[in-house]
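Knowing the structure of chain P, use the given hints to seat chains R, W and Y on it.
Residue numbers (our numbering), protein chains in the order written: chain P, 1 to 94; chain R, 1 to 95; chain W, 1 to 332; chain Y, 1 to 478.
Take the hints with a grain of salt, since some may be wrong.
Okay, the calculated beta carbon distance ranges per label pair [what the hints assert, rightly or not]:
1. P/Val14 with Y/Gly256: 32 to 38 angstroms
2. P/Leu59 with Y/Arg24: 51 to 57 angstroms
3. W/Leu109 with P/Ala74: 47 to 53 angstroms
No wet-lab data here; the hints were simulated from the structure.
Only a predicted model underlies this, so the values are computations on that prediction, with no experimental measurement involved.
Glycine residues also receive a C-beta, built at the ideal position from the N, C-alpha and C atoms.
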Amino acid sequence: MINILSSILILAGVFFYLAGSIGLLRLPDLYSRLHALTKADNLGLGLLIAGLALHSQDLFTVLKLLLIWLAVLAASATSAHLIARQARRQETDS
Amino acid sequence: MMTTQILYALTGCVIVALGLRGALLHASLLQRIVAINVMGAGVFMLLIAVAYRGPGLPPDPLPHALVLTGIVVAVSATALALALARRLHAEQDDD
Amino acid sequence: MKTMTLHVFDGLLLLSIVALAWASLATTDVRRSVILFMAFGLVLAVAWGRLLAPDVALAEAAIGAGLSGALLLAAVHRQPRPLSPVSSNDSRHQGPNGLSIVVRWAVTLLSAALAGTLAWALLHAFSSTPHNMLPQAISGNLAASGVSNPVTAVLLNFRAYDTLLELAVLLTAVLGIFSLGQATPGYQPAGPVFDGLVHWLVPVLILMAGYLLWVGAHAPGGAFQAGAALAAAGVVLRLAGRSRIGLPDGSALRIVMAAGVGVFLLVGLSLLLLGRPFLGYPPAWAGALILLIETAAMLSIAATLLLAFLGGQPESTGVKAAAKQQREEISL
Amino acid sequence: MTDAMIGLVALPLAGALATLLLPRSATTMAIGTALATTIAAGLLLFGVATQGAMHYEIGGWSAGLGIALRADGLSALLLMMTALVALAASVYASAYFNAASERTRFWPLWLLLWTALNALLLSGDLFNLYVTLELLGLSAVALASLGGKRAAVAAALRYLLVGLLGSMMFLAGVSLIYAGYGTLDLATLTNMVEPGPVAWTALSLMTTGLLLKTALFPLHFWLPPAHASAPAPVSAVLSALVVKAAFYLVLRLWLGVFATVVTPVAANLLGLLGACAVLWGSWRALQAERLKLMAAYSTVAQLGYLFLFFPLLLALPTGPARDLAAGGLVLLALTHGFAKAGLFLAIGVIQQRCGHDTIRELDGTAQRLPATTFAIALAGVALIGLPPSGAFLGKWQLLAGAVATDQWVWLLVTAIGSLLAAAYIFRVLGHAFGHRPYTHQPVTVAREEWPALLLAAMAALGLGLAGAPVWGLLEIDI
Chain P
1 MINILSSILI LAGVFFYLAG SIGLLRLPDL YSRLHALTKA DNLGLGLLIA
51 GLALHSQDLF TVLKLLLIWL AVLAASATSA HLIARQARRQ ETDS
Chain R
1 MMTTQILYAL TGCVIVALGL RGALLHASLL QRIVAINVMG AGVFMLLIAV
51 AYRGPGLPPD PLPHALVLTG IVVAVSATAL ALALARRLHA EQDDD
Chain W
1 MKTMTLHVFD GLLLLSIVAL AWASLATTDV RRSVILFMAF GLVLAVAWGR
51 LLAPDVALAE AAIGAGLSGA LLLAAVHRQP RPLSPVSSND SRHQGPNGLS
101 IVVRWAVTLL SAALAGTLAW ALLHAFSSTP HNMLPQAISG NLAASGVSNP
151 VTAVLLNFRA YDTLLELAVL LTAVLGIFSL GQATPGYQPA GPVFDGLVHW
201 LVPVLILMAG YLLWVGAHAP GGAFQAGAAL AAAGVVLRLA GRSRIGLPDG
251 SALRIVMAAG VGVFLLVGLS LLLLGRPFLG YPPAWAGALI LLIETAAMLS
301 IAATLLLAFL GGQPESTGVK AAAKQQREEI SL
Chain Y
1 MTDAMIGLVA LPLAGALATL LLPRSATTMA IGTALATTIA AGLLLFGVAT
51 QGAMHYEIGG WSAGLGIALR ADGLSALLLM MTALVALAAS VYASAYFNAA
101 SERTRFWPLW LLLWTALNAL LLSGDLFNLY VTLELLGLSA VALASLGGKR
151 AAVAAALRYL LVGLLGSMMF LAGVSLIYAG YGTLDLATLT NMVEPGPVAW
201 TALSLMTTGL LLKTALFPLH FWLPPAHASA PAPVSAVLSA LVVKAAFYLV
251 LRLWLGVFAT VVTPVAANLL GLLGACAVLW GSWRALQAER LKLMAAYSTV
301 AQLGYLFLFF PLLLALPTGP ARDLAAGGLV LLALTHGFAK AGLFLAIGVI
351 QQRCGHDTIR ELDGTAQRLP ATTFAIALAG VALIGLPPSG AFLGKWQLLA
401 GAVATDQWVW LLVTAIGSLL AAAYIFRVLG HAFGHRPYTH QPVTVAREEW
451 PALLLAAMAA LGLGLAGAPV WGLLEIDI
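One chain only, chain P, in its complex shape (with noise of 0.2 angstroms):
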């Protein structure tokens, strides 16, 4: 049962990255693409990890799995925060 649940939210968290590898390739200007890339690929990583904190067998590996996420979450949203951002500041300078 735990395996049927598991192996369904990490093929969840990989499609949800394929939709943010697709958003970057195909979507027009730099803000949208920031957009897919960030939203896609955190849901993804949250869903894959979900399916992994199943699988692992105690607690500290789960909090641990948990931590990388958070991790992640905050690095990219800050980022796409200041990538934005610098973007904006070009376009207005030039």
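Below, chains R, W and Y without anything else, positioned relative to chain P:
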């Protein structure tokens, strides 16, 4: 499980060749430093492939320690090379 | 079924590694080349994980891709951006540095020949019976080494002399950087979002460094990975425009820089005085001595990598007025 | 006596840390460390001479697992030369650098370079050799770029990139050896190695890496600018010791570990490259405008002579003739070390006192700087290979070996090389003894001229007249 070992070792050789080619051909200093790091990564892949003993068996720890030492040596050499390149650019702007 | 998927995974992983390496070296735009190199480093860390080398994967991600990438990006960031962005393809035929086609083909053939002979020799080496002399010796002596993680045992006990010289290499690099001039000017103070991240991230990084140092005795981790995590905390503070990034001043800084090699040498020589061989820890104290050396090495590695990112000796922060320190225009 | 081996690595390393932590009294501590290290080298030489080759397992682990330090006749001699040259250059450097800031930056790097040289000459483990080569390369580059001038930084950067490429090649060879034989210890490797693709490829990779670092002919392009633009004591040690350490490794690999794998064809190739180095280096030295550039090209040439010995040693059957030739090779290497160091130190004095080192405007230096010009002349005697010098004995064995094995081409190359060497030395002396009357009274700079004089005298007279023990010591082999 020899195929995995051979697969990774051959890729290591390809990366060493790519790094060497880049190091010899590129003009800009930064790209030559990147190329030498890529070549180093290729050699490290050789070492780690040699250490791999198969999916179930524990790998040989000695090459792992060698690669760890190699990575730290590579980063210190890169840092010095970048500092020299920065000083060179600074000198160029002055005169 | 299981080995089939593993082979597919291996194939994809190796393809992406070679593709990233090729792309990073084929482009003539330095910025693109550095960013692709960082991606190459991270995918390489996945490859080390796949080959059951977690210690090396940690170090590759933290130092190989992380800090080397930060150093390279800082260097690219300082380089003046080329006025007319030369599109990479028209400079293709003329070659990155104007070399004629003959030279480019000669170098390509030379590197291909090197790869060929290397592969030929490796295949020959793999076909002969695998030599298990050293792995058995390591696992045999692991109990007496004071740690249960074999990689740390090799690094800090069996081949401790290598690690001592390697810390000396790190110290030499930073002394060389010091002799080339002062640190680069700092960065613009960060906006609210980045500042918020720094407030939260830096303590976590410091805790993680302590954890990595402690766990190194029985699981993947150790002084190098811990030092890299600590240096990452300093780099983030530096990028956020902070003037105090955790580095001590003047003579205290010199003590931290020399701590790694100093403690190592002190332990080795004092053992010599006690009649033991140089760097021959008595099995009873081995664990404690290794932890002592690793702590000093972590501080030394963190300070050295951070000073390398700074690009030189930081002015003594006490006297520096904000006005005097010329800030970069581009805010990060 | 084996503690002397540990002392040879630990003392300069501790000295480097001490000069880093206490910058104000750096000079006195550095000279103290230099003296202590020289005493340790002397003890080691005495130990090896009396009790034979020494062996020390670091950490008490057996050679396969841990790292073993080894000292035989060859390494003890080279360690002694390193110690004497570095001691003399340290005394010279204490007077050469007048700015305190330069001095505090110089001493730690200088002692780290010395640690790397000693660690390399003592190491008996392949990967440990890679780490010592990197430490040597980085400290040499950091010292070469100390001047901070544009030419020095550019040359140091090219030297670093070439050095990194060489180290990566060496590491590729080491990983191949570990893949094939499962061990990194040189002693166990010596009796495991047998001719085959692994040994050939590994040896050629390691040798290419080392030839890059020892600047043999086609790969020498980085050496002249790097050695010419470095501060005087640094270029003295770069030319006399750093390139020689890489040559020592080629010697240790070709005639020791991989002796059964080396083919005469490969040895002749090395000899050919050596011959080109001799001719090309001497020719460029003759055309050099500046004294330092001439000395740097002369290093490229003199290293060429050392590689000429490889085809001879391969062709000679093991016996007294081969031992004589091997002794000649070591004596030539030692003499070049002392002579080139003395020459560079003397050139440093001229550059500091006269502000330039262009050969054409040298007239009057004989009257103004008599001791320095005498040091250059003595070093010249050793570089050419005139009788009283050790180089004469070395070249004599080279010619005897060439005659014994009917390889006349090396004989021809040595003759032309020596003539060209004589040309570029006498050209300098000709300018120095200009007939322009010089009114001021001569200048003597004791602390800088004495080291140059002693080194040059050691090369021109010491090794020539007292060269016999070298052969005795070389009998002691691992």
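- Task: Check each numbered hint against the structure and report the violated ones by number, ascending.
- Result: Of the numbered hints given earlier, the structure breaks just one, which is hint 1.
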